[in-house]
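Protein chains: 2
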Amino acid sequence: MILHGYWRSGTSYRTRIALNLKGLAYETAPLDLRTEAQGAEAYLRLNPQGLVPALETGDGLVLTQSPAILEWLEETHPEPALLPPDAAGRAQVRAMAAVVGCDIHPLNNLRVLKAVRALGADQAGLDAWAARWIVDGFKALEALVVRHGDGWCFGDRPTLADCYLIPQLYSARRFHVDLAGFPRLLEIEARAELHPDFLAAHPDRQPDAD
Amino acid sequence: MILHGYWRSGTSYRTRIALNLKGLAYETAPLDLRTEAQGAEAYLRLNPQGLVPALETGDGLVLTQSPAILEWLEETHPEPALLPPDAAGRAQVRAMAAVVGCDIHPLNNLRVLKAVRALGADQAGLDAWAARWIVDGFKALEALVVRHGDGWCFGDRPTLADCYLIPQLYSARRFHVDLAGFPRLLEIEARAELHPDFLAAHPDRQPDAD
Numbered sequence: 001m002i003l004h005g006y007w008r009s010g011t012s013y014r015t016r017i018a019l020n021l022k023g024l025a026y027e028t029a030p031l032d033l034r035t036e037a038q039g040a041e042a043y044l045r046l047n048p049q050g051l052v053p054a055l056e057t058g059d060g061l062v063l064t065q066s067p068a069i070l071e072w073l074e075e076t077h078p079e080p081a082l083l084p085p086d087a088a089g090r091a092q093v094r095a096m097a098a099v100v101g102c103d104i105h106p107l108n109n110l111r112v113l114k115a116v117r118a119l120g121a122d123q124a125g126l127d128a129w130a131a132r133w134i135v136d137g138f139k140a141l142e143a144l145v146v147r148h149g150d151g152w153c154f155g156d157r158p159t160l161a162d163c164y165l166i167p168q169l170y171s172a173r174r175f176h177v178d179l180a181g182f183p184r185l186l187e188i189e190a191r192a193e194l195h196p197d198f199l200a201a202h203p204d205r206q207p208d209a210d
Numbered sequence: 001m002i003l004h005g006y007w008r009s010g011t012s013y014r015t016r017i018a019l020n021l022k023g024l025a026y027e028t029a030p031l032d033l034r035t036e037a038q039g040a041e042a043y044l045r046l047n048p049q050g051l052v053p054a055l056e057t058g059d060g061l062v063l064t065q066s067p068a069i070l071e072w073l074e075e076t077h078p079e080p081a082l083l084p085p086d087a088a089g090r091a092q093v094r095a096m097a098a099v100v101g102c103d104i105h106p107l108n109n110l111r112v113l114k115a116v117r118a119l120g121a122d123q124a125g126l127d128a129w130a131a132r133w134i135v136d137g138f139k140a141l142e143a144l145v146v147r148h149g150d151g152w153c154f155g156d157r158p159t160l161a162d163c164y165l166i167p168q169l170y171s172a173r174r175f176h177v178d179l180a181g182f183p184r185l186l187e188i189e190a191r192a193e194l195h196p197d198f199l200a201a202h203p204d205r206q207p208d209a210d
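So the protein sequences, as listed, match chains A and B.
Read left to right, the first sequence gives residues 1 to 210 (the UniProt record's numbering).
Read left to right, the second sequence gives residues 1 to 210 (the UniProt record's numbering).
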């Protein structure tokens, strides 16, 4: 498989974690979002939306949108499971993932930050914008982890929720967000820092890292 | 089941469509987002994140986050299916849903528009902000529907992708977005206007509509 992504993109990072947790080998095809490499014609032929990530599965299929890619990985490579076996648990894990995937990350990615800057925000304004959505979402996640977590977001093994959370924590640090109010999330982050699949997915370990 | 939502919220609207397509009866518990009713203590006990929708399933379970609710509906009430049977098709439908759910809607909801206004945008600026993300996402969706649709977003029956698309088209009209460039999406909208399950889910038909 070939993963088209960007080292520091949260959606690429979460996809790498899931691929690693599933034990799947993949090649990295980097696109530098800062120079808008994702707008190049060759990539647009692969993914007309011009966003990362895209996963070429090797049988002619090109998957886009990380939530869809992660569900596809779970369906086609069920072991180890990244969703619980029961519908209620699965809904809970997906809800946690959506807090990051729908309520935090979409507001803080590069194309949106550029638009916020165009409205007149300076760097402090950008940090405040990002922090607002991160803190709101992390408050919800912290409460959910207190209720459902046991070392990881849900139970005692990594799930899709952790694939979403860890890159969002990395991003929160880039925006200088005070994370002291989220001890359970930090505990998960500390655990991920010792986990080879999360470690190998870290932006700094990617071939296109600065 | 009890659906806590708001007549004009896109995430509530998409959940109503899915419930109707599945033939599931539910009560409506309205929350007026304009007066921040979703921040009231009784609702926060149900959904600590204070966002809509939330679905009480009747057996003590409270589901939040519409992407998680829709997947739960599909798992627990598989007929009629809102996802194709094969993993590749499912990934395609989920990718279309994510274009709306991750790349468009999160940027245009009420809490975000308030934040954009606080950066100094006037009504024209808000419309331009919303239109930017809607047009970008609809371009991607139009191309995907050309490739995969046959009356609906994917194939000849409604899927989760249509549950996401129709509310986003409704929202696009509120922001005065020019939709002439999206003939295939408009064709789906016209078909939904004749479909009783989509009609019954329309904001104007909800008990809390203005």
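Fair warning: there could be bad hints in the mix.
As the list claims (entries may be wrong) - Lysine-lysine pairs mimicking DSS-like chemistry, simulated, CA-CA at most 30 Å apart:
no.: 1; chain 1: B; residue 1: Lys22; chain 2: A; residue 2: Lys114
no.: 2; chain 1: A; residue 1: Lys114; chain 2: A; residue 2: Lys139
no.: 3; chain 1: A; residue 1: Lys139; chain 2: B; residue 2: Lys114
no.: 4; chain 1: B; residue 1: Lys114; chain 2: B; residue 2: Lys22
no.: 5; chain 1: B; residue 1: Lys114; chain 2: B; residue 2: Lys139
no.: 6; chain 1: A; residue 1: Lys22; chain 2: A; residue 2: Lys139
no.: 7; chain 1: A; residue 1: Lys22; chain 2: B; residue 2: Lys114
What the hints assert, rightly or not - Negatives, chain B to chain A, calculated, CB over 10 Å:
no.: 8; residue: Asp32
no.: 9; residue: Thr64
no.: 10; residue: Ala68
no.: 11; residue: Glu71
no.: 12; residue: Trp72
no.: 13; residue: Glu75
no.: 14; residue: Glu79
no.: 15; residue: Ala81
no.: 16; residue: Cys102
no.: 17; residue: Leu107
no.: 18; residue: Ala115
no.: 19; residue: Asp127
no.: 20; residue: Arg174
no.: 21; residue: Leu179
no.: 22; residue: Leu199
no.: 23; residue: Pro203
What the hints contain is simulated information worked out from the structure, not anything from laboratory work.
Bear in mind the structure is a predicted one, so any value in this text is a computation, not a measurement.
Here a beta-carbon is modelled for each residue, glycine too, at the ideal position from N, C-alpha and C.
May I ask you to check that glutamate 71 of chain B keeps its beta-carbon over 10 Å from the closest beta-carbon of chain A?
violated (6 Å)
Just double-check arginine 174 of chain B for me: nearest Cβ-Cβ distance to chain A has to come out over 10 Å.
holds (19 Å)
According to the definition I'm using, a residue is off the interface if its beta carbon is farther than 10 Å from all beta carbons of the partner; does aspartate 32 of chain B meet that for chain A?
holds (20 Å)
Verify that the Cβ of leucine 199 of chain B lies farther than 10 Å from every Cβ atom of chain A, and report whether the claim holds or is violated.
holds (26 Å)
Is cysteine 102 of chain B truly not at the interface, in the sense that its beta carbon sits beyond 10 Å from all beta carbons of chain A?
violated (5 Å)
Can we confirm that no CB of chain A comes within 10 Å of the CB of alanine 115 of chain B?
At about 7 Å from chain A, alanine 115 of chain B fails to clear the 10 Å cut-off, so the statement is violated.
Is lysine 114 of chain A within 30 Å of lysine 139 of chain A, Cα to Cα?
holds (26 Å)
Is the Cβ of leucine 107 of chain B farther than 10 Å from every Cβ of chain A?
violated (6 Å)
Check on alanine 81 of chain B being off the interface with chain A, judged by Cβ distance over 10 Å
Fine: 14 Å to the nearest Cβ keeps alanine 81 of chain B off the interface.
Tell me if the straight-line CA distance from lysine 139 of chain A to lysine 114 of chain B falls inside 30 Å.
holds (20 Å)
Take a quick look at whether lysine 114 of chain B and lysine 139 of chain B sit within 30 Å of each other, Cα to Cα.
holds (26 Å)
Does proline 203 of chain B clear chain A by more than 10 Å, comparing its Cβ with all Cβ atoms of that chain?
holds (20 Å)
Hint compliance for this structure: hints 1, 4, 7, 9, 10, 11, 12, 13, 16, 17 and 18 are not met, and every other hint is.
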